[in-house]
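Those sequence lines, one after another, are chains F, R, D and L.
Taken in order, the first sequence gives residues 0 to 121; the numbers are from this note's numbering.
Taken in order, the second sequence gives residues 0 to 121; the numbers are from this note's numbering.
Taken in order, the third sequence gives residues 0 to 121; the numbers are from this note's numbering.
Taken in order, the fourth sequence gives residues 0 to 121; the numbers are from this note's numbering.
Since the hints were derived computationally from the structure, they do not count as laboratory data.
The C-beta atom is built at its ideal place from N, Cα and C for all residues, glycine as well.
Among the hints, a few may not be true.
[Claimed, not checked] Not close to chain D: a few residues of chain R, all C-beta gaps over 12 Å, as computed:
hint: 1; residue: Leu10
hint: 2; residue: Gln13
hint: 3; residue: Thr22
hint: 4; residue: Thr52
hint: 5; residue: Glu64
hint: 6; residue: Gly90
[Unchecked claim] Now the in silico label distances, taken between C-beta atoms and shown as ranges:
hint: 7; chain 1: R; residue 1: Asn28; chain 2: F; residue 2: Lys95; range: 44 to 52 Å
hint: 8; chain 1: D; residue 1: Gly87; chain 2: F; residue 2: Glu85; range: 24 to 32 Å
hint: 9; chain 1: D; residue 1: Ile92; chain 2: R; residue 2: Asp58; range: 51 to 59 Å
hint: 10; chain 1: D; residue 1: Asn26; chain 2: L; residue 2: Ile92; range: 33 to 41 Å
hint: 11; chain 1: L; residue 1: Leu83; chain 2: D; residue 2: Glu94; range: 30 to 38 Å
hint: 12; chain 1: D; residue 1: Gly87; chain 2: R; residue 2: Glu66; range: 30 to 38 Å
hint: 13; chain 1: F; residue 1: Ile92; chain 2: D; residue 2: Glu55; range: 31 to 39 Å
hint: 14; chain 1: D; residue 1: Gly78; chain 2: L; residue 2: Phe50; range: 31 to 39 Å
hint: 15; chain 1: R; residue 1: Asn28; chain 2: L; residue 2: Phe50; range: 43 to 51 Å
hint: 16; chain 1: D; residue 1: Gln76; chain 2: F; residue 2: Lys77; range: 55 to 63 Å
hint: 17; chain 1: L; residue 1: Glu99; chain 2: F; residue 2: Ile91; range: 35 to 43 Å
hint: 18; chain 1: D; residue 1: Gln76; chain 2: R; residue 2: Thr49; range: 39 to 47 Å
Here is how the chains run, residue by residue.
Number of protein chains: 4
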Amino acid sequence: MSNHLPYEQMLQNQLVLPQVLLTSYKNMNMNETELVIILQLLRFQQEKVTFPTPSEITDFVTVSEEECSNYLRTLIQKGLVEILHEKGPEGIIQEKYSLEPLFVRLFETKEEKKESQDISKE
Amino acid sequence: MSNHLPYEQMLQNQLVLPQVLLTSYKNMNMNETELVIILQLLRFQQEKVTFPTPSEITDFVTVSEEECSNYLRTLIQKGLVEILHEKGPEGIIQEKYSLEPLFVRLFETKEEKKESQDISKE
Amino acid sequence: MSNHLPYEQMLQNQLVLPQVLLTSYKNMNMNETELVIILQLLRFQQEKVTFPTPSEITDFVTVSEEECSNYLRTLIQKGLVEILHEKGPEGIIQEKYSLEPLFVRLFETKEEKKESQDISKE
Amino acid sequence: MSNHLPYEQMLQNQLVLPQVLLTSYKNMNMNETELVIILQLLRFQQEKVTFPTPSEITDFVTVSEEECSNYLRTLIQKGLVEILHEKGPEGIIQEKYSLEPLFVRLFETKEEKKESQDISKE
Numbered sequence: 000m001s002n003h004l005p006y007e008q009m010l011q012n013q014l015v016l017p018q019v020l021l022t023s024y025k026n027m028n029m030n031e032t033e034l035v036i037i038l039q040l041l042r043f044q045q046e047k048v049t050f051p052t053p054s055e056i057t058d059f060v061t062v063s064e065e066e067c068s069n070y071l072r073t074l075i076q077k078g079l080v081e082i083l084h085e086k087g088p089e090g091i092i093q094e095k096y097s098l099e100p101l102f103v104r105l106f107e108t109k110e111e112k113k114e115s116q117d118i119s120k121e
Numbered sequence: 000m001s002n003h004l005p006y007e008q009m010l011q012n013q014l015v016l017p018q019v020l021l022t023s024y025k026n027m028n029m030n031e032t033e034l035v036i037i038l039q040l041l042r043f044q045q046e047k048v049t050f051p052t053p054s055e056i057t058d059f060v061t062v063s064e065e066e067c068s069n070y071l072r073t074l075i076q077k078g079l080v081e082i083l084h085e086k087g088p089e090g091i092i093q094e095k096y097s098l099e100p101l102f103v104r105l106f107e108t109k110e111e112k113k114e115s116q117d118i119s120k121e
Numbered sequence: 000m001s002n003h004l005p006y007e008q009m010l011q012n013q014l015v016l017p018q019v020l021l022t023s024y025k026n027m028n029m030n031e032t033e034l035v036i037i038l039q040l041l042r043f044q045q046e047k048v049t050f051p052t053p054s055e056i057t058d059f060v061t062v063s064e065e066e067c068s069n070y071l072r073t074l075i076q077k078g079l080v081e082i083l084h085e086k087g088p089e090g091i092i093q094e095k096y097s098l099e100p101l102f103v104r105l106f107e108t109k110e111e112k113k114e115s116q117d118i119s120k121e
Numbered sequence: 000m001s002n003h004l005p006y007e008q009m010l011q012n013q014l015v016l017p018q019v020l021l022t023s024y025k026n027m028n029m030n031e032t033e034l035v036i037i038l039q040l041l042r043f044q045q046e047k048v049t050f051p052t053p054s055e056i057t058d059f060v061t062v063s064e065e066e067c068s069n070y071l072r073t074l075i076q077k078g079l080v081e082i083l084h085e086k087g088p089e090g091i092i093q094e095k096y097s098l099e100p101l102f103v104r105l106f107e108t109k110e111e112k113k114e115s116q117d118i119s120k121e
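In isolation and in its complexed conformation, chain F is listed as follows:
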């Protein structure tokens, strides 16, 4: 018998990610664990958790808390993830992870090519 989850629940709890992340992470010197940590950060963001602790992430990945911290540090050092400081609802400064540098790399790598195309248009 198929006692499946309600369709509504299946459809609401989805994660959308750029395909180019899956096709480019290897060329960006990331390994599978780093990619999955990025995906977990995306998932937490969608749940409005913008600064999950290594311990919270570790609940969902197979690496230890310490390894997870190291991977996060490495992603920051590689310039793919950054930590932003934002004023929260009560004026308290809060930290949050941003994946903007990663997306800039994924979506803006074609600069020079594009330029030469612009020339050929004229």
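Dock chains R, D and L against chain F, hints included.
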């Protein structure tokens, strides 16, 4: 200067996946590499490539072709992926990967719980 | 100059919907306004607003509040949307829209066909 | 009995769209029918049909072929949709709809605001 990809291209080439895959793979005894291979299979399916070779997958993951074959075999042995045989356009039998067993596990794990809820309703 | 939204914001605020909703609403005797009201309900759900008022919906559609109420009533009468009563965090009964009946129709319409296929398999 | 579609099929055939399209179309002077025609164009694109005829679109919307043509013309006149000419596989010039102008408006409307924010940063 931001010579970014056209928005149309960013928006069209996305992969949608159930969040529960990210939160449950660890409990299903999968590791990060196995999860990413699953995501690559999903991505290939979206491109209408339903039976990518280990070599094709290896272009996008950090493991060797041989390791990739082993991971695929393991995923099949664990009952998460299966190989189906379908009649193609010219009557030729074609193989394809199906992730249906994985989705059944993700979406139908609550059977017994659900049943007891049904009882309590009465 | 392209002062675009951060990519992170573009990618996080997306709505995922079954293609079959777009290809089947006409056959289910819905018109474009009803379809868009359904999409707005989906969007509100994603924002954790599970029982938007006609006035809140009307901010985003071109029909009046009264027409919007009528459309919602029609969708309920057609058996596509239902109102559920749920216990909220403090034990207060809350109403919420559910699109489950719509999804059941979209995903379970092939019953008889499926059965005959099963027969032909043997 | 729930003879539902395979989960694989549910999950693969989805359309992803920016939420801001649903919240802004009214302010961009589009009505529900125009919005749904845009969604149909997105859906066709995903199926690699980049220049559907009004007749093909009309199969899935409640307006007549002539009205559909008019709506497409209006969307082009409003500068939201454009027709591009591309060299196809055999060097033949092919037409295709592009929604890039619509996305530019959705994602780049904050220009002046952004600039003033930049000033206030200093």
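Evaluated hints:
The beta carbon of leucine 10 (chain R) sits about 8 Å from the closest Cβ of chain D, which is not more than 12 Å, so the claim that it is off the interface is violated. With a least CB separation of 8 Å from chain D, glutamine 13 (chain R) falls inside the 12 Å interface cut-off, contrary to its annotation. Interface exclusion of threonine 22 (chain R) from chain D stands, the closest Cβ pair being 17 Å apart, more than 12 Å. The beta carbon of threonine 52 (chain R) sits about 29 Å from the closest Cβ of chain D, which is more than 12 Å, so the claim that it is off the interface holds.
At the 12 Å boundary, the C-beta of glutamate 64 (chain R) stays outside the reach of chain D, the nearest C-beta of that chain being 32 Å off. For glycine 90 (chain R), the condition that its CB be more than 12 Å from all CB atoms of chain D holds, with the nearest at approximately 16 Å. At about 32 Å, the CB distance of asparagine 28 (chain R) to lysine 95 (chain F) disagrees with the hint of 44 to 52 Å. Checked against the hint of 24 to 32 Å, the C-beta distance between glycine 87 (chain D) and glutamate 85 (chain F) comes to roughly 30 Å, which is consistent with it.
At roughly 55 Å, the beta-carbon separation of isoleucine 92 (chain D) and aspartate 58 (chain R) lies within the given 51 to 59 Å, and the hint holds. The hint said 33 to 41 Å for the Cβ distance between asparagine 26 (chain D) and isoleucine 92 (chain L), and at roughly 36 Å that hint holds. At roughly 47 Å, the beta carbons of leucine 83 (chain L) and glutamate 94 (chain D) sit outside the given window of 30 to 38 Å. At about 50 Å, the beta-carbon gap between glycine 87 (chain D) and glutamate 66 (chain R) misses the expected band of 30 to 38 Å.
The hinted window of 31 to 39 Å between isoleucine 92 (chain F) and glutamate 55 (chain D) holds, with their beta carbons roughly 32 Å apart. Taken as a hint, the range 31 to 39 Å holds for the pair glycine 78 (chain D) and phenylalanine 50 (chain L), whose Cβ atoms sit roughly 37 Å apart. Take asparagine 28 (chain R) and phenylalanine 50 (chain L): their Cβ atoms lie about 48 Å apart, and the range 43 to 51 Å holds. For glutamine 76 (chain D) and lysine 77 (chain F), the Cβ-Cβ distance of about 56 Å falls inside the hinted range of 55 to 63 Å, so the restraint holds.
Range check, glutamate 99 (chain L) to isoleucine 91 (chain F): about 41 Å between beta-carbon atoms, so the 35 to 43 Å window is met. Range check, glutamine 76 (chain D) to threonine 49 (chain R): about 42 Å between beta-carbon atoms, so the 39 to 47 Å window is met.
The structure fails hints 1, 2, 7, 11, 12 (numbered hints given earlier, in ascending order).
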